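Each residue of the sequence shown is one higher than the last, beginning at 7 in the numbering used here.
No wet-lab data here; the hints were simulated from the structure. Please read these numbers as outputs of a predicted model, since none were measured by experiment. There could be a bad hint or two in this list.
What the hints assert, rightly or not - Straight-line C-alpha distance at most 30 Å; calculated DSBU-like pairs for lysine-lysine:
1. K162 - K174
2. K162 - K121
3. K121 - K42
4. K121 - K174
5. K42 - K174
As the list claims (entries may be wrong) - Listed next, with one range per pair, are the computed distances between beta-carbon atoms:
6. G165 - G117: 15 to 25 Å
7. P47 - S203: 28 to 38 Å
8. S181 - A206: 19 to 29 Å
Using N, Cα and C, we set each Cβ at its ideal position, and we do this for glycine too.
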Amino acid sequence: MPPPDKPAAGSPPAAPSPVQAGPSTPAPTEATCLAKLAAIPGNRISSAVAEAAQTDPACRVEEPVRVAALALRGADGSIAVAFEPPPLLACAMAASLADWLDRSVQPLARGYFGKDLMNLRVGGGQECRRRNRASAGPVSEHATGKALDIFAFTLKQDGAPNPVSVEKPAGLVQSRFLEAVRQSACGAFMTVLGPGSDAAHANHLHVDIQQRRSQASRFCQ
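Using the sequences and the hints, build the whole thing.
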């Protein structure tokens, strides 16, 4: 009789233990992204798996989420900065935005204007299309929810909201604020495009987390 830890001669090999996730199972870091963001008080973010499933399979979004607001550190504690309209994004993109807004954009808003951010006017986020809406060429990072277009930053203040338009800043202070925001984005994202880069980005700031050969590689215009 063979030892207990060896199969008997002629018996089929034992099935391997399911230690590795299959291709449709999110990796551990992906699976915890939404849970981490949703656990932060003030964040309004929810799963968008059902919505993303309706798009073309070629435009697959990893852990899709709908972002209504992200919490940032304000002058008097945590504040929720709303996204108008709430975009559908890959959770990794939402996490990158949260970190950038909290660490860079909010301090810049307070430094230039002495006010907190209130909301961002943005594009719709995920959109299954090619770059610059061309009929041929590479698929846009918008297709996989890894990009966002920002049209205006609105500041919190008494009375009417004070939007800072990316396309038409009002005065020198707003222009310098937008330039500082753009420079900070170049360190936080893999691609940054805005007014002056090309006609397709003349009225908004495009940021994305496109995978490149090197993490040190950035495209910033």
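Hints, verified against the model:
1. The hinted pair formed by K162 and K174 meets the criterion: a straight-line CA distance of about 19 Å does not exceed 30 Å.
2. Distance restraint check for K162 and K121: the Cα-Cα separation of roughly 6 Å lies within the 30 Å cut-off, and the hinted pair is therefore satisfied.
3. Annotation: proposed proximity of K121 to K42 holds, straight-line Cα distance about 28 Å (limit 30 Å).
4. For the given pair, K121 sits about 20 Å from K174 by alpha-carbon distance, which is consistent with the 30 Å threshold.
5. Simply put, K42 and K174 have alpha-carbon atoms about 36 Å apart, too far for the 30 Å limit, and the pair is violated.
6. Between G165 and G117, the C-beta spacing of about 22 Å keeps the proposed range 15 to 25 Å intact.
7. Checked against the hint of 28 to 38 Å, the pair P47 and S203 passes, with Cβ atoms roughly 37 Å apart.
8. The supplied range of 19 to 29 Å is met by S181 and A206, whose beta-carbon atoms lie about 21 Å from each other.
Checked against the numbered hints above, the structure violates only hint 5.
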